[in-house]
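Here the UniProt record's numbering is used: the first residue of the sequence shown is 1, the next is one more, and so on.
Hints in this document: simulated from the structure, not taken from any laboratory. Treat the numbers as computed from the prediction; the structure is a model and nothing was measured. Among the hints, a few may not be true.
[Said to hold, decoys possible] Capping the alpha-carbon separation at 30 Å, the derived lysine-lysine pairs in DSS-like fashion look like this: (1) Lys172 <-> Lys332; (2) Lys983 <-> Lys1087; (3) Lys111 <-> Lys951; (4) Lys983 <-> Lys816; (5) Lys983 <-> Lys1165; (6) Lys1223 <-> Lys315; (7) Lys222 <-> Lys111; (8) Lys315 <-> Lys332; (9) Lys172 <-> Lys222; (10) Lys586 <-> Lys276; (11) Lys134 <-> Lys111; (12) Lys222 <-> Lys134; (13) Lys332 <-> Lys134.
[To be verified] DEER-style ranges, computed between Cβ atoms: (14) Glu384 <-> Phe531: 27 to 37 Å; (15) Glu532 <-> Val1210: 51 to 61 Å; (16) Ala1236 <-> Pro108: 28 to 38 Å; (17) Ser1047 <-> Asp275: 25 to 35 Å; (18) Asn155 <-> Ser914: 26 to 36 Å; (19) Asp958 <-> Ser105: 46 to 56 Å; (20) Arg225 <-> Ala1218: 37 to 47 Å; (21) Gln241 <-> Ser1119: 53 to 63 Å; (22) Gly976 <-> Ala868: 18 to 28 Å; (23) Ala947 <-> Ser1047: 44 to 54 Å.
For glycine and all other residues, C-beta sits at the position ideal for the given N, C-alpha and C.
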Amino acid sequence: MVRRAFAKTRVVAALLLVAALAVGVVLLVRSRSNGTPDPASDPTAAFELTRAALAATENLDSDQANQRWSEVLQLRGDDPDALRNAALTRVSTVEQTVAQLYDGSLSPAEKAAARERLPVALQQARAAIDAYAKQSEQPQLVSWMRAIVDIQEANQLPPAEQTLAHSEAFLKLADSIEQTAAPLILMGPLSELAVLLDDAVKGLPPEVASRYPDVLVNVSEKYPRNLFLAIETMLRLVKAQDPRALDQVDHVEQLTEPLAGLLERYATADRTFIDKQTAAIRDAIAADNWSLAAILAQQIRNVLTPTEIVRTDRKRANPNALDLLSFQGLRKLAAASAAEQSLATAKAPLQFQRQPTDSPLRATALCTVDFDLDGTPDIVSVFENQLTLTRRSSDAWEPYASTTIAEDTRGVIVTDLFMVDAGEPSRIRKPAAADLDTSEAAAASKRHETFPSAVVFGDSGIEIFRIDGRSDSDPDKRLLPPAAPSGLQDVTAVTGVQPGDLDGDGDLDLVVATADDGLRIWINRGNMTFFEVSQHSSLPPADDPVTAMSIGDIDRDLDLDILLTHGRSGRVAVLENLLHLQFRWKLLEGIEPLTDPALVSLEEIDGDASWDVVAAGAAGLQLAFTQTVDAGLVDVTQNTSLEQPTTASLLADLNNDSWLDWISIGEQATAAYSLGPWGQQPLPTESDLPAASTAIAACDLNGDGLLDLVGIADSEIWTALNTTVDPGHYIDVRFRGKNDNNENSGRINHYGIGTVLELRFGPHYRAQVITQRTTHFGIDGFDSVDTVRAILPNGITQNTVAPPVDTVLDEEQTLKGSCPYLYAWDGERFAFVTDCLWAAPLGLQLADGVVAPDRPWEYLKVPGRFVAPRDGQYEFRITEELWEAAYFDHVELTAVDHPADVEIFTNEKVGPGSIAEHTIFAFDPDTLRPTAAALDTQGRDVSATLADEDKTFVKGFDYRLRQGLCPPHWIDLDLGSVAADDKVLLVLTGWILPTDTSLNIQIDQNPALPAVQPPQVLVPDGDDWRVAIPFMGFPGGKTKTIVVDLSGHVNADDPRVRIRTSAQIYWDRAAVAINPPEQPLEQHVLKLQSAHLTWHGFSRRRSDGGDQPETYEYHEAESAPRWPPMRGPLSGYGDVLPLLTTWDDRMIVMGAGDEIQLRFSVPEKPLPEGWQRDFVLHSVGWDKDADLNTLTGQQFDPLPFRAMTAYPPVPAQAAEAAAVWQKNQHQLTRQQRFRAFWMRFP
């Protein structure tokens, strides 16, 4: 039935296909005749051609992609990898063509053209799939592609024919699932077909209903850890009244154990929700009440669907065509190309020269670190019961400090366990550059400024010491334990410690491996004390102890995961970060077990923007290449092994050729290997490194840009200088978080541990995770780097263009989330007005589990100076330029005409509706006057500063504790003559730099830090002050004016008020209106004539310095993605006017880079002489930032709605939430592309 519908178009399709291939041949011949390299014989040219084809596919440029793959197949027509990617590209073309049929941004003519192209696209896709099937060893992929094409074709049939076509496709797919050993990807199209066939009244057709449960059980048993499959199987078995449902209920209960805390934090259900639901399902089945059991199972599905685990597991079962692209062929071509290019393994051997020591340095464990911040590596070591700091001075080593530790200590790390600055008086720093002479300041500008901490561990537990690296410090106080107990004193039998910002709150937490209690997770309060969260997670088995750990965001979902090796099994695993202090352990399938594993690392080996895994042990090395198709979805695609007896080894680029090297020291000899797309290959080495060394580390001891070696052999430290001939160029990068009280942000640890650094030079891509003070990149023969991009552990992205060698990247002070921006046409340009939706945050935690309320409506004043007609209309732009999502349900513009000497304001302020009820205040110049006097926190007279709105701000605080949190500060205002029964309105203009969810979590964890106190009004009470209005509201975001009604609160005998807060608020103006008379106003509600959603990009930030907020230049926008992608659907580009006309839960969903273009009518009535026009923009909507601690912050769904009582919606409102989804589903046709941000190809 399906194929007959398009039979008439097959001849045309075939002709077009032949023509396309002919064009490809002509292009190839033409390129060769022009003297360009022949891809058939030149691996570099073949690599570039294949890379161009993959890039076009990932960029959804179907015409270009299909042509490129045709060219590739002319050269590699029997290559399964090329055939696979060509077929997937054709499948993607079909999906794109079908999507155009329903794209609201396209004209009817464009949709008609897409419909005409569809038969050809279907024919070409089937031909490409058949070609791949002849060479493929993956029948499940062939079945998947055929199913996708069949479904897309069936969906275009008349309704009467669709059911039969869908049933045929379902049964064919069910047969394929039963016949293949790896059917997971087939469950996506199968479940889609089940949904299409599931009639609300009749249910599934009989032939489908009889097969579906068996298929689900079969696949779920093959993939027992896939929670999406488990839930779907449970639900379908219950609906089918199948007795196997009881086993599946038990299975779901087991898999959801790590989610108990997540459900509680998401405010959707309490911690015991799953246990209660599954118990109720069992009772219902026992009572033969299957309908109740189905309702309960559906409720479990509704609650779990938004969680990251279910979303990720569903994606694995339901990939798209781009997720299934293969890069193994490209990797092989890259290896062949590298052998002929400058970026090849070095020809000269690695050379190391041992350095003599004046006296032996005894050690059983060590690490290298610049503990005195002089730019030269030092050594921190452990021997017997001593922790020793040894400093490099000229060419000699000298003891600096030592202290007594437990005799059974086995290891040491150095990290920064303080928050950047907690207002801690004992926080030790180097002198600021301003206190140094010119040469000293220049050197200091390339160094860190705060001293780290040493952590030693062993059978007795963990000891922490503060390091004071200042030369003039007391020798007895250079290594001191913290003043308060760390909370770690009961942890024993410690075999390893790994620091990392696991909860994204800015400070470094600790993952602790123990011999007796398995893995334990400890969260830093920011003051060097810790609390344990291990009980909330699914952790590795305690009887398979962890032997090595490293941090990194292995699945590119922005949170830090932990790579692990296990001693008993030799397996490599990952502790997957699920956010909100929840973790899930899982083995990395595809990596062979190791013997006595001692090293594991996340590295970028082949330059494809997907982290690879390197692990090493006593018998050699495992190198696992991975492919990351989307956030949370990473798979091992190729694993190579190397046998090499090893007692100690490390990974580093030792010859600066840009490829990572593995150097291994064994009982008999030293060996080195270069790692790259080729896997690993021997690297000649000339050295006299001590055999049977037990530890080895790399650092640049002499500042020549080559990494030298420091190690331990026979309990003595040895050093060796790298003397390799003709090394490549290099760049050293150090990231530095803000660390002083004036600039302290609290968002990132001072050393940037966990930050991803991405280098692009020429066509090449390299990346590393910051794990220590300096991150070293070799760049081979390149003289410079094009860009360095840093992705911080909290998701903020910074770009540096053409950085110099020995680069220091300072943390930028910028918002990652706030609110959408409003621009208006002022007659010359679109000028920045302000930001909006400040009272409607979604999922914003004020403290752990305490979610900020949201008020979705607002009334913003838009001063008339920003607005001028353009072609007979008023034009506005609302842009989303930060890492967040915005939801707009309704927009309305009102023109307010009034005498020119009258000022108007709205009652808009951040706070509940009770204090922000819509009102237009109007004051003449005789009524609104400056306050009689004004003093700041220090008692300074700021009356003149606050007299006018002139962008000169009063900052009542001298320093801040965190971004958005300051010591309490205030302005005291004398209101002048006030009678007891007067109407008193205080008019305040200012702006706020807020905290964010992660900072709020950090503040909540740290007992030394108070919560942010929003502005409140105090009045004199004798010699003191008392609170008159506990919460007065505040201006949201950029500069705004609020009106506070003080009537009944002012003491006529002492008419002063104090506006006190600990928020980071800056005040520009303070004025008062006493008994204001009514003013003549004329209001015109303007018709919204058009609304279009489109792409804008990211406007240039403009800072006028001082204490002013940033503003933005609309006409200077960058188009490249600035923020990591959020997951889920957005509104399609095009006409969105119907979504904004009323508040009806039909809404625009927009993300970073999007804008709404609004055009309003101009009032017909002319403006009276002597009057002026301002505007009030009424918006209904919400804003959700993508902060890692925002509830559901990494995704666009679930959708908010008018009647919701909490966000995310609670289970009791599941039906309402589903109805809102159905109301919007048809227009949510777009997604942010993973590869647009995580680019493989420049």
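These are the hints, each one checked on the structure:
{"no.": "1", "hint": "Lys172 <-> Lys332", "verdict": "35 Å, violated"}
{"no.": "2", "hint": "Lys983 <-> Lys1087", "verdict": "36 Å, violated"}
{"no.": "3", "hint": "Lys111 <-> Lys951", "verdict": "51 Å, violated"}
{"no.": "4", "hint": "Lys983 <-> Lys816", "verdict": "41 Å, violated"}
{"no.": "5", "hint": "Lys983 <-> Lys1165", "verdict": "34 Å, violated"}
{"no.": "6", "hint": "Lys1223 <-> Lys315", "verdict": "24 Å, holds"}
{"no.": "7", "hint": "Lys222 <-> Lys111", "verdict": "42 Å, violated"}
{"no.": "8", "hint": "Lys315 <-> Lys332", "verdict": "28 Å, holds"}
{"no.": "9", "hint": "Lys172 <-> Lys222", "verdict": "20 Å, holds"}
{"no.": "10", "hint": "Lys586 <-> Lys276", "verdict": "27 Å, holds"}
{"no.": "11", "hint": "Lys134 <-> Lys111", "verdict": "35 Å, violated"}
{"no.": "12", "hint": "Lys222 <-> Lys134", "verdict": "27 Å, holds"}
{"no.": "13", "hint": "Lys332 <-> Lys134", "verdict": "22 Å, holds"}
{"no.": "14", "hint": "Glu384 <-> Phe531: 27 to 37 Å", "verdict": "32 Å, holds"}
{"no.": "15", "hint": "Glu532 <-> Val1210: 51 to 61 Å", "verdict": "29 Å, violated"}
{"no.": "16", "hint": "Ala1236 <-> Pro108: 28 to 38 Å", "verdict": "29 Å, holds"}
{"no.": "17", "hint": "Ser1047 <-> Asp275: 25 to 35 Å", "verdict": "53 Å, violated"}
{"no.": "18", "hint": "Asn155 <-> Ser914: 26 to 36 Å", "verdict": "50 Å, violated"}
{"no.": "19", "hint": "Asp958 <-> Ser105: 46 to 56 Å", "verdict": "52 Å, holds"}
{"no.": "20", "hint": "Arg225 <-> Ala1218: 37 to 47 Å", "verdict": "28 Å, violated"}
{"no.": "21", "hint": "Gln241 <-> Ser1119: 53 to 63 Å", "verdict": "55 Å, holds"}
{"no.": "22", "hint": "Gly976 <-> Ala868: 18 to 28 Å", "verdict": "38 Å, violated"}
{"no.": "23", "hint": "Ala947 <-> Ser1047: 44 to 54 Å", "verdict": "23 Å, violated"}
The structure shown violates the earlier hints numbered 1, 2, 3, 4, 5, 7, 11, 15, 17, 18, 20, 22 and 23.
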